[in-house]
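Go by the hints and put chain G onto chain Y.
Spelled out, the chains give:
Protein chains: 2
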Amino acid sequence: MSHSIKIVGTGLLGTSLGLALARHGITAGLVNQSKANLRLAIEYGAGEEFQGDPELVIVCVPPDITAEKVIEQLEMHPGAIVTDVASVKSDIAAQVAAGSEHAELYVGSHPMAGREKGGVGSARADLFFARPWVITPTEHNPQVAVNRIRDLALQLGALPSVMSPDAHDKAVAAVSHLPQLLASALAARLTGVADTEISLAGQGLRDTARIAASDPGLWVQILSQNASNVAPLIGDLATELNELHSSLSDIEASGALAKIHSLLERGNEGVARIPGKHGGKYVDYHQMTVVIDDSPGALASLLTFIGDVGVNLEDLKLEHSPGAQIGLVEIQIIPSAAEHLSEQLTANGWRLV
Amino acid sequence: MSHSIKIVGTGLLGTSLGLALARHGITAGLVNQSKANLRLAIEYGAGEEFQGDPELVIVCVPPDITAEKVIEQLEMHPGAIVTDVASVKSDIAAQVAAGSEHAELYVGSHPMAGREKGGVGSARADLFFARPWVITPTEHNPQVAVNRIRDLALQLGALPSVMSPDAHDKAVAAVSHLPQLLASALAARLTGVADTEISLAGQGLRDTARIAASDPGLWVQILSQNASNVAPLIGDLATELNELHSSLSDIEASGALAKIHSLLERGNEGVARIPGKHGGKYVDYHQMTVVIDDSPGALASLLTFIGDVGVNLEDLKLEHSPGAQIGLVEIQIIPSAAEHLSEQLTANGWRLV
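Going down the list, the sequences are from chains Y and G.
To convert, note that position 321 of the first sequence is 415 in the working numbering; the numbers rise steadily by one, no gaps.
To convert, note that position 11 of the second sequence is 105 in the working numbering; the numbers rise steadily by one, no gaps.
If we strip away everything but chain Y, and leave its shape as in the complex, we get:
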């Protein structure tokens, strides 16, 4: 058979795309440099070994060889629309424009659906479900090509939006690449901290440093392609921290405390702008904490109870309890439900806090 969709590269994203398409009855044609990985992806159910004449090619290879592979595919399959999934867009768009006579059929895209772990084994059919999928056309793309990528995103349950490659790269520098570098820089300082000091770490440090566990090899490629957008942000932050260092080093100086207070206040404002659940702004939910023991079903039994009394959880977090075999469950609910739920929990023997 001839495959209408060709996926180049069967890592996390390529394999996930194949699995997602298979759910819609579409058998993708797969190619991969490593034959062993290709076979693995096929065994996973992501598609078949590619043959034929595709109408759409999705290039899912590491960022630093994406442009080269896109150009190769444009030459190999005249008339086919080619897209990619790399997380930086301008550099690749420029390389393709310079390197191919068919650049108008390349539409860049960025499904924002990575995971801390890569590889075939981490692939999931629902990886793109309910996640943003940015499409980054240029003025040379025919509308039909842009629509084809948007339809692909919608078919896989993603939330497509359209931006220029430059606007996309500027946005991800601020909301993704800058936090990555800060988390890494913070976590890197922990390599020199004594065990007794680390033992006092709480949820604040855990959350702030979490994404420092990401793959260095992949991130070097991403950052090198978006260096021009990330550099000024890091520069501004370094300046901010230098000023903070001055204020802290001479804390009795006039204005030192006011400067620190102002930074903390701006932090309050900034964090309030981050979209929360379902894309909305953070609502001021009511938070309560319930103690459960650390056994199978304990959390379930709590949540069953909460569901039974008709209250919807807006968010939930398990608190880690250093040294204790219990769990603290932090739940967020709408304020109007707080009194009702609190009464019901207490009346039924839950340890509420």
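Simulated from the structure, these hints should not be mistaken for laboratory data.
As the structure is a computational prediction, the values presented were derived from the model and not from experiment.
It is possible that some hints are incorrect.
Remember, identical chains collapse to one label, so a pair may be satisfied in a single copy or spanning two.
DMTMM-like, lysine to aspartate or glutamate: derived pairs with alpha carbons at most 20 Å apart [to be verified]: (1) K411 with D301; (2) K129 with E143; (3) K411 with D387; (4) K353 with E363; (5) K353 with E337.
Relative to chain Y, chain G alone:
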């Protein structure tokens, strides 16, 4: 009646201490500058208006007036042991040593149990349960006084540890104060970012910036008392970011990518050192993601199912889905349970990913 335990200050910590002691049948004597707040704490059940001759005084006032209040209590109640709950210890210990002839009866302590929101209304009887409670004696304290505070911590379910005031302040600078300032500095940059850019934010940014929502007034007091420990850490980080800025600004230069790669790798190492659930190191749990709809009981029904098949959740996170009325539940389990759970979920119609 005469109260054997006196609590000075009925904010979040003082009121929570009173509530916790009440659970153990101890009625605390309360004092507070604002009579309205005092009455509120009494109505909450945190104790009674103080009278008599206490054996223990717990000072729970803002950090910048803690030393003054400790000294006042040492003079007012000769022979009573006095402790406090402030989150920076050396400065207060020095002020008390200089300002009181009874400083040997002051034992500093720091129950690490704050919340992003303060005040009587946020108080909880279980605030200290399963949390670290650092006791910071000096060489002048009799052992009996130190033991009294340790017993208090144990009685309230906290996990006491003993450190010198200096060692404590150095530790919290690294694991608490530095992350706070970084999160605030990161979030502060978001005030200038366009809405369309912010809309691409994901869980990474949300986690990294979360604690930027903390109270600026309280944090200015904390940071000003620990400025000498925090300043060099911020200075080191500013230097690291300056070097990163240089590497990113001239990304083609020899060694630029290697430097960035090295930072990311050190970040991997550092984050792996943060204690996870129950104080252990992060185990490499198996992660899977399940789709649920956003209705009361949906999460409970999933977790009931997981409990029913005998699998213990190590961690759980609700993923926010921008624009979609569904939830993605990320669960962490021990690797050996992964295949069993995955089969059971799929066989019973759960949308697994």
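Between K411 and D301, at a C-alpha cutoff of 20 Å, which is it: within one copy, between copies, both, or neither?
-> both (12 Å within a copy, 12 Å between copies)
Please work out whether the CA atoms of K411 and D387 approach to 20 Å or closer within one copy, between two copies, in both situations, or in neither?
-> Both, since 15 Å and 18 Å are each at most 20 Å.
Please work out whether the CA atoms of K353 and E363 approach to 20 Å or closer within one copy, between two copies, in both situations, or in neither?
-> within (15 Å within a copy, 33 Å between copies)
Between copies, within a copy, both or neither: which fits K353 and E337 at Cα up to 20 Å?
-> Answer is within: at 9 Å inside a copy they meet the 20 Å cutoff, but 24 Å across does not.
Between the shortest in-copy and the shortest cross-copy C-alpha distance, which are at most 20 Å for K129 and E143: within, between, both, or neither?
-> This pair counts as within: shortest intra-copy Cα distance 10 Å, inter-copy 77 Å.
Comparing the model with each numbered hint stated earlier shows that all of them hold.
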